[in-house]
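Those sequence lines, one after another, are chains B and U.
When the letters of the first sequence are read in order and numbered with the working numbering, they come out as residues 1 to 407.
When the letters of the second sequence are read in order and numbered with the working numbering, they come out as residues 408 to 814.
No lab work stands behind these hints, which were simulated from the structure alone.
Heads up, some of the hints might be wrong.
[To be verified] Taking lysine-lysine pairs in the DSSO-like style, the calculated list, with each CA pair at most 27 Å apart, reads:
#1 U/756 x B/369
#2 U/756 x B/17
#3 U/567 x U/707
#4 U/567 x B/404
#5 U/776 x B/331
#6 U/578 x U/614
#7 U/723 x B/369
#8 B/143 x B/171
#9 U/424 x U/811
#10 B/143 x B/119
#11 B/404 x U/439
#12 U/567 x U/608
#13 B/404 x U/707
#14 B/331 x B/17
#15 B/331 x B/369
#16 U/510 x B/404
#17 B/369 x U/439
#18 B/17 x U/439
#19 U/439 x U/811
#20 U/776 x B/369
#21 B/13 x B/331
#22 B/369 x B/13
#23 U/723 x B/13
#24 B/223 x B/143
#25 B/404 x U/756
#26 B/201 x B/143
[Said to hold, decoys possible] Looking from chain U toward chain B, a few residues come up when the C-beta cut is under 10 Å (computed):
#27 437
#28 471
#29 590
#30 694
For every residue, glycine included, the Cβ atom is placed at its ideal position computed from N, Cα and C.
2 protein chains.
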Amino acid sequence: MNLDSLYSELTLKTNAKLALVVLDGVGDIATKERGYVTPLEAAVTPNLDALTQDAAQGRMLPVAPGITPGSGPGHLALFGYDPIEYQVGRGVIEALGLGLELKAGDVAARANFCTLDAKGIVTDRRAGRIETAVCEELCALLKSKVRRIGDTEVIIRAGKGHRFVVVFRGKGLEGPLSDADPHREGLPIPTVQAIDSRSVKARKAAKLVGDFYAAALPLIARKRPANGFLMRGIAHQPAIPLFQDRYQLRPACLAVYPMYKGLAQLVGMTRLEGAQTIAEQFERYLAEHSNYDFFFIHYKYTDLHGEDGNFEAKKKAIEEFDAALPILLRKRPEVLVITGDHSTPCAVKGHSWHPQPVLLTSAYSGSDKLDRFTETGANLGSLGLFEAKYLMRLMQANARMLDKFGA
Amino acid sequence: MNLDSLYSELTLKTNAKLALVVLDGVGDIATKERGYVTPLEAAVTPNLDALTQDAAQGRMLPVAPGITPGSGPGHLALFGYDPIEYQVGRGVIEALGLGLELKAGDVAARANFCTLDAKGIVTDRRAGRIETAVCEELCALLKSKVRRIGDTEVIIRAGKGHRFVVVFRGKGLEGPLSDADPHREGLPIPTVQAIDSRSVKARKAAKLVGDFYAAALPLIARKRPANGFLMRGIAHQPAIPLFQDRYQLRPACLAVYPMYKGLAQLVGMTRLEGAQTIAEQFERYLAEHSNYDFFFIHYKYTDLHGEDGNFEAKKKAIEEFDAALPILLRKRPEVLVITGDHSTPCAVKGHSWHPQPVLLTSAYSGSDKLDRFTETGANLGSLGLFEAKYLMRLMQANARMLDKFGA
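With the rest of the complex left out, here is chain B:
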């Protein structure tokens, strides 16, 4: 018997409120350069500290030992989906990141302008890194001229610099496709093909991309330096079981950055828009408390400063979060989790594979008798080291939403 089916069978409806607060990339590592202290350890966090007395702690593997996840797999795991089973193509992630609302079956591609010579050979894969304004202008031109191909709608959105996104919305389409990108200069743009050549839908999508090239390339052929474009990570939005069906919880997303809103939307969460700061997000949680059962609250700045290797700024971001925390606690959810989607150590200046610390507090979490929420403290916690995809099941258990298994 499949474990997910067992969990589904055991799932009960209750009136509990659950909150998953994600400090993106909060986990870090202690290194000599920083006096063997992490940002979580260095930060002054009286409100987090107060939670730990009645909390269980542990560490989570975002995907599997040694694997550094992108934001997609990191969040899918937090939402309780196996990030290896449910893979979301880069085109889809990029589209979500630009705030596009995708539908199941949409095929999305990361694209960027490039320079071609007279023979169609790629001479600069980034078209001299054109300005965003130029990119927007070119995208506007393509959008105005190529709205549909056959029965398929074409959606184009400019990104930063030379980057943009193309979404194909039609019937019977599927990815993944091979890249329309030679991956180095001196070669022509390859024709895309279905990765699985037996898939009729993928072959249709591949033909569509070819038709798109045929329609779009002539429109910019005389532009300089961006007279061509490349497409990569072409994939469809996978059919993911809805969060609400899976857990019997009405879910809401309180995120500021588009990608996290998009990832929440992938699993069917309602996006609550407007809040710009963590304090405003918590205020909105209070206002919406009775309308939803599950709240995903995303805080970006821990990751952002970790990516820059800026220890002080990451520490300060944690302190700002801590200062806002009492707002959330005015209506304390029955189950509250504070964690990251992965670690972003300052010494790495990027996402990493180090298991992120997790804190869970409920009437049934028990106490691990730890004074603070830190990486080394979490190593001692009762939750141990576990795969992030099980976090939702622990939250359900703490909400008394999982019936007993067997007599």
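We have chain B; now place chain U onto it with these hints.
This is chain U only, laid out in the frame that chain B set:
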């Protein structure tokens, strides 16, 4: 390669004695109401404490994260069987709980008397919660009149209040079947059907249950208030690989409560009857030391008081266990494990999903240098957090019963 096959290939015979002592539901959680102390922490346990110096500790997931097991899955996991692969139906567990000795292929059902109106509609699913004596009288009547149906033996045993158990012992039978229970008043008793309609054996069992109703209902039709009965959890005893074949160990069970004897018998352990207290169970262990290689010793009272939320009584049960422990140690087994089948926290008043603490001592266990056996101590142990189904393999390894894998 299947992991179980690998373990089997590596298994050697030795002269070691192994003892698995189960303090049912011993695990607990530290909560504010109890001053953040668990019964294990509060109890005075000099003999357990003395063991810890030469022991490894850890925590075990009974089934999977967040899943609260019944006694069946909890014990099957301790015996080294995947509790999801080997599921034992509620009818079977109930029959074992009433002390019935089941054979592989027996189909067992939980049953209870109910009240029917003139049209056969269920008006009270519990027949006004009749007294046990009335239930015994009705069961005696059914037993005397319905001994066989065709080539199948019918075994009926009264339980508490309105509850009883029916076992069908014949050839070519199989569960699971749908319930003969509308699960609410105002509806007739539904006809049972095979869950898997392709199973000839299950269809035969379903017909048999129908025939049993046809024979039994008229016998009590004029009784009041119990003039009908419902049947649920109808399943056959699954074929489980024998413990002795799996581990090359002659196993014995020293349990006081019928259900645990029954679960041990499911995997082919010999039931050693007679001992009523933990001291008597340990004395019996000494007497039988040379006759068996593996001893499953079950202590119920930690769970019993946990279910009542009675912290003091649970603590006292641990102290009584501790006082008897020196008897066992007179012939110290080469491998001794003390653990629970799950946690039964006083704050939950029932089984829970919290990983139970485990202590393992042998000449090769090493020392985790912990002073006591407690939940928070076990968090720090060298065994870490692992699935309970692997405990038997750790015991085998400590008994030097597992050969090296590969060169």
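Sort out which numbered hints this structure fails and list those numbers smallest first.
5, 12, 19, 22, 23, 29 and 30
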